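Once you have looked at the hints, place chain B on chain A.
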Amino acid sequence: MKKKRSVRRVNSVTSSRKEPLESLLRKDGLRLDGRGLDDLRPIRMEVGVLDNADGSAYIEHGRNKIVAAVYGPRELHPKHLALPDKALVRCEYRMATFSVEERKSPAPGRREVELSKVIRESLEPAIFVYKYPRATIDIFIQILQADGGTRCAGVTAAALALADAGVPMRDLVVGCAVGKIEGKVAVDLSDVEDKLGDGDMPIALMPTKKVITLLQCDGNLTPEEFKQALEKGIVACEKIYEMQRDVLIERYSKVRDEVTEEQREEEE
Amino acid sequence: MGYEKNGNNEDKIEDNVPVVETEAGKCFFERFQIVIPGSLLGKGRFKTGDGCYRENDAFYASVVGLADFREGFIMVVPLEGTYIPKEEDIVIGTVMDTRITSWRVDIRAPYDAILTASNFLEKPFSPVYDDVRDILNVGDVIVSKILSFDRTRDPILIAKGQGLGRLQSGRIIEILPTKVPRVIGKRGSMINLLKRETGCRIVVGQNGRIWISGRSFEDEYLVVQALKKIEREAHTSGLTDRVKDLIRNEKEKKRKESE
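These protein sequence lines map, in sequence, to chains A and B.
Just so you know, we're using the numbering used here here: the first sequence kicks off at 1 and counts up by one.
Just so you know, we're using the numbering used here here: the second sequence kicks off at 1001 and counts up by one.
Isolated chain A, as found in the complex (with noise of 0.2 angstroms):
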């Protein structure tokens, strides 16, 4: 099903021009905001940002701006929701009103809510859940500015936030997308890439389990096409898992750095 082009509903990036969009394509074969087919959008991430919630993350993907707080494991109300064997994940996928182009309704819409189980259900599989019974881990993904592909920026934020959390994890969870543009696959569409493009998958996985957990597909991808795609998909998050790994890691290294520098200067 060929999604139809209108100029209308595009972002800033094209709703500037005059003209309707001939090509996502330039001339020189780059995509519109200079990146090769494979290329990832510029990302930047960190941790800890809030704190009031036992976990949180703060992600940049490309002009996607988005914040994931988690709390618990801790007591679940309403109790009657209680699972006797394992905790219950709950995860709350929401977009501001100001993300938009256009103001967004601030209640939460159909997609929204579709958008929180597909992500708590990328998650779940991460979390050892069966080690707090009764007791409920909540996720919270706010998305401050959309541009395309933020279901998987909130999971790799949202993995993000459920390490710092400290709650016990089988593996981090990635999220990318990968779609075609002008017959041709490409790696982590923006938001125009997303609405005038022939195709976009969304990948979720955990890079070093090597298990994906979230698979979606709208577009026409011919068989060929989806290995591709696939392939390029599990590139494009395990580039991703890197930066994902170093900020965990960084965090705590810093202060470590810091304090072996000042046993240094006490020493000289």
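Quick caveat, the hints were computed from the structure, so don't treat them as lab data.
For clarity, every value in this text was computed on a predicted model and none was experimentally measured.
There could be a bad hint or two in this list.
Said to hold, decoys possible - Ranges of calculated distance between the beta carbons of each label pair, as one might list FRET restraints:
| # | chain 1 | residue 1 | chain 2 | residue 2 | range |
| --- | --- | --- | --- | --- | --- |
| 1 | A | Tyr130 | B | Ser1237 | 30 to 36 angstroms |
| 2 | A | Asp218 | B | Phe1032 | 43 to 49 angstroms |
| 3 | A | Arg90 | B | Glu1252 | 50 to 56 angstroms |
| 4 | B | Gly1163 | A | Val49 | 36 to 42 angstroms |
Just so it is clear, CB atoms sit at the ideal spot from N, CA and C, and this is done for glycine as well.
Using the frame of chain A, we list chain B on its own:
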């Protein structure tokens, strides 16, 4: 399980990873290296300690923490995490609710603790004549011990006996429960240092609540400063000496100011 082709889902061991050969198998970390969930820790016939899990013969970390190998165990000392009750732990709790013969106590765990009147009072308690709210009311703080806890039942507390009971003065600060072992130190070295240097009375709850009572506000504040330093630098070595320096420097500063 796994998406790699040809079923090749073996863990890749990178070249720059340190390999330590032990009796039980190979360890892939330096002692007290910072690891994250999913980090490969070792391969062989280890025993699984806290903060890690086993898959066939491979051992992985499950939390962010410091990897360690001790007496055949592979373990990860966690740096973050909530308090999970354990029998015999001393915890500081706040009364949240009263029932006819018991109190519901918040101990910063995923489960509310129960303190029955018979576990708090030395004398018998009769719900006909006595009211639990006359003894402990909502908001009161108690030092208690966990009498029993398992995954099917909420923790039961006991708050009678030496060192246990209601707290009436002093102040309480909260730190991450995972850093409590550092606050106590090896055979109580850190906590004894704090008590000796500041002259404060201190009770450390395993749930990360710490009660401080000193002669003056300055003494208590000094302990708080030291505790915050310990919490921040819990994963570094030589901490006891640095805390000692901190307290002595602060004391020196105070003395000069007063002169």
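Q: Starting from the hint 30 to 36 angstroms, judge whether the C-beta atoms of Tyr130 of chain A and Ser1237 of chain B obey it.
A: At 35 angstroms between Cβs, range holds.
**Q.** Glu1252 of chain B and Arg90 of chain A - C-beta distance against the hinted 50 to 56 angstroms
**A.** Hint holds: Cβ distance 51 angstroms, inside 50 to 56 angstroms.
Q. Is it true that Asp218 of chain A and Phe1032 of chain B lie within 43 to 49 angstroms of each other by Cβ?
A. holds (47 angstroms)
Q. Okay, Gly1163 of chain B versus Val49 of chain A on CB: inside 36 to 42 angstroms?
A. holds (39 angstroms)
Figure legend: structure checked against the earlier numbered hints; every hint is met.
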